[in-house]
Amino acid sequence: MEKTPTRPKILVFSTDKISDPGIDQAGLRKIHYSPAVYVISLPCSSGIKPRWILHALKHGFDGVFIAADGHECSYSPRCPELTNRIIEESQQMMKENNINPKRIRMAAICSVCAEPFANHMNNFTKILAELE
Amino acid sequence: MEEKQKKERIGVYICHCGGNISDYVDVAQIRDLAKNEEGVIISKNVMFACADSNQKEMIRDIEDEKLDAIVVASCSPKLHLHTFRNVALRGGINPYNYTQVNIREQCSWAHSDTPGEASIKAAGLIRAGIKKVSFSEALENIEVSSTRAVVIIGAGVSGMRAAIDLAKMGNQVYLIEKEKAIGGNVAKWKELFITGQKGNTIIEALSKQIRELTNITLFTGATIEKVTGSIGNFIAEVNIGDEKLNLKSGAILVTTGFDSYLPTEGEFGYKNNPAVITLPEFKGLIDNSHETLLYNNRKVNSIAYIYCVGMRQTKGENKYCSRVCCTTAIQSSLTVHEKFKDIQAYHLYRDIRTYGKQEILYERSSKNGDIYLKFDEKAPPVVEPIGNKLLVKVKDELTKRRELELETDLVVLVTGLVPRSDSKQISALLKIPVGNDGFFNEIHPKLRPVETVINGVFIGGSCQGPKNISESVQSSLSAAVKINALTKNPTIFLEPIVARINFDACVWCGKCAEVCEYDAIHPLEMYGKTVASVNEAVCKGCGMCAPVCPADAIDMAQYSNNEIEGMIDGFMEKVELVAEAGDKLQDGGEEGIAMKDMPLIWRQLAGCLQGDSKSIPDLAKELGLDSELVTYNLMTMNKYSLVEADKLDDSDEYFSYKLKNIPHVQN
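Going down the list, the sequences are from chains A and B.
If you're matching positions, the first sequence starts at 1 in this note's numbering and goes up one per residue.
If you're matching positions, the second sequence starts at 133 in this note's numbering and goes up one per residue.
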């Protein structure tokens, strides 16, 4: 097996109806991104608890990425607002724990956003590598 | 939340997916790693986890090994989540004690460029899956009783047509119309394209059928004041004049239709100049004129149609195309030529979208001598009064943007469809989401086009977005069938993914109820204090309420703190993989497959092929299996060089197969 390079580990929270299919499509089309990206899917990004984000960052993840539905969310038009609030709260908790707030990022990933997802992962990987 | 009993007898199945996974991920090593995880009793590699033979083997394992949870690491849950939930159920364990791990779309395929790291990631993903399943709870589908009745809001062509079918299928239908007359927009229209029928003829025919069906109750001049309840048992409070009625129904169909776009004052001279009118106004004018087309008592000799008014605005509010306006404008122009003589028509368009059969109209219009001039959105035509007439200046895109000046008697603004002005009220009543365009939103535009996120509330026709009559009726009829599939059962089963309250921790601050879009959370007196309680039939399981709880007293079923944080821990544990073993698998994979790991059907086929080559029909007969199943399995066995084609059988129709790389067969 090839020597494993050290890559920043990214935890992605995605949504099972919209951003998951986008991420799956990146795989289907063999659009590559860092293999240190791990995805947990949930019904909606507005259901992410800040404590999970903190748990991930405290237990070895270098960054957390929220692949949100944005305005496409079928649950509520308030989804972007509520998700933003979760990020703000998480960043507050991160600050208290001396974690750089740049370690959390969010973007809307649609059900066909294969390339944008891979690009986000590559960019975030780069950003996190520079934070080391 | 109370500490749950962790699962102790977990079965893990890691799929090769015929090489799609095993060509990049070292499935054999990962299987061995998974075996060491806490609670794991069985860890197996399978060629195709979804194959019928493997499903049967899993069921046997569940029974023989008394498994209490299963993990399948294969493709995306989009494909086989329900397949394996069913396997769990058939084996006698709760379908929610099953976790699907996506090691194909999100691992072997995505990281086919780095197989070593893909293997490490797959190991992490599987471990997370094992942790998640070990904290999983058995969940029972929520059962609700259902009323065999449907409320349809809006008696236009869509609502009327759906009402007839729903009634014929045995539902009591309450058809509610705000106006005094039924038929909506279609009732106002004359000849319709393709059939040449008049709009009101169609409406009259539908109306006659509705009158004949005793299980349709039509309310006109009626408005919905309030909707309570949930799928299976909605109660709609309807106002009819002074009377108030409570209608009980199992489902609600919204077919409220559209409004026509009304140009703002001064938009292409609208309202400032009386000879600038909208397309619906123009249609009225055609219908009411005979022999000569008169407008304000003056004969109309030339007409300029300006397309896409209020539509397709890159910077404005309505970004969408209204689909029907090009066809309507061109058909109106054709009607003008048929009805009145010597009228010159200029069509100032951005793009012509007479899709499908409607293209015939465009062709006919061009042959009639209508002049089509293409303008750019950034340089729209300018309308100015000139004496009794109008001067329309347009920069023609197809002649290098040369400015042309057209003197016309009438300017028709080809306006499109916008959401009804009362759609916000309807949306608030039923809590159905509206899109950016203001029309009602379906769950999925392609795969679930008539359902909304509110269980039991469906949408049909142009309240969902611009549609012509055929498209409107198609969607409302499809909603009718979906509704009947729901209401025909006296009991409805709902997914148990809902919010759960930890009553010990809850102190009722009301924040959860505040963010809930569905009004699913209400205060409840319990154990001498006020706590939040969730109406499971209304909760959509979005999880929005969980992060806002200051006491962290809300967990979503299947997404509890234990499950999510367990997954995170599972991803993070260090994975040590031995080199080489994985690489062998990458060229064909035959090295890695031990006979005992093969699906039962392969072993049976190999057993039959001992010594002699046999054809597919013979094998199917011998094993009592479907010949397609035999073909499918032989093909994959062939890919793994376990069998090979030998010769054609006596009938010259089928190839015989013989064993290739199987040294001996265990029974």
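Bear in mind the hints are in silico, worked out from the structure with no lab data behind them.
Check before you lean on any hint, since a few could be wrong.
[Said to hold, decoys possible] Below, in silico cross-link-like pairs of lysine-lysine (DSSO-like), each with a Cα-Cα straight-line distance of 30 Å or less:
hint, chain 1, residue 1, chain 2, residue 2
1, B, K451, A, K9
2, B, K176, A, K9
3, A, K95, B, K706
4, A, K9, B, K167
5, A, K58, B, K176
6, A, K30, B, K138
7, B, K138, A, K58
8, B, K527, A, K9
9, A, K9, B, K532
10, A, K126, B, K176
11, B, K176, A, K30
[Stated by the list, open to error] Chain A stretches covered by chain B per the calculated footprint, using a threshold of three residues with CB under 8 Å from any CB of chain B:
hint, region
12, 46-53
13, 62-71
14, 119-130
Where is the CB? At the ideal position from N, CA and C, for every residue including glycine.
Structure-based check of all given hints:
With a CA separation close to 40 Å, the supplied pair K451/B and K9/A exceeds the 30 Å bound. For the hint linking K176/B to K9/A, the alpha-carbon distance of about 28 Å falls within 30 Å, and the restraint holds. Pair hint K95/A plus K706/B holds up; C-alpha atoms about 27 Å apart against a cutoff of 30 Å. With a C-alpha separation of about 25 Å, the suggested pairing of K9/A with K167/B holds against the 30 Å cut-off.
Note on K58/A and K176/B: the hinted pairing is violated, with a Cα-Cα distance of about 33 Å set against a maximum of 30 Å. Restraint check for K30/A and K138/B: not satisfied, since their Cα atoms lie roughly 37 Å apart, outside the 30 Å limit. Among the hinted pairs, K138/B with K58/A is consistent with the structure: their alpha-carbon atoms are about 24 Å apart, no more than 30 Å. Taken as a hint, the K527/B and K9/A pair is broken in the structure, with Cα atoms around 56 Å apart against an allowance of 30 Å.
A distance of roughly 55 Å separates the Cα atoms of K9/A and K532/B; the hinted pair therefore is violated under the 30 Å criterion. Under the criterion of a C-alpha separation no larger than 30 Å, the hint pairing K126/A with K176/B is inconsistent with the structure, at around 37 Å. For the suggested pair K176/B and K30/A, the alpha carbons sit about 27 Å apart, so the restraint of at most 30 Å is met. Counting residues of the region 46-53 of chain A whose C-beta lies closer than 8 Å to any C-beta of chain B gives 7; at least three are required, and the coverage claim holds.
Using a Cβ-Cβ cut-off of 8 Å, 1 residues of the region 62-71 of chain A lie near chain B, which falls short of the minimum of three, so the contact claim is violated. Against chain B, the region 119-130 of chain A contributes 0 residues with a C-beta closer than 8 Å to a partner C-beta. That does not satisfy the three-residue criterion, and the hint is violated.
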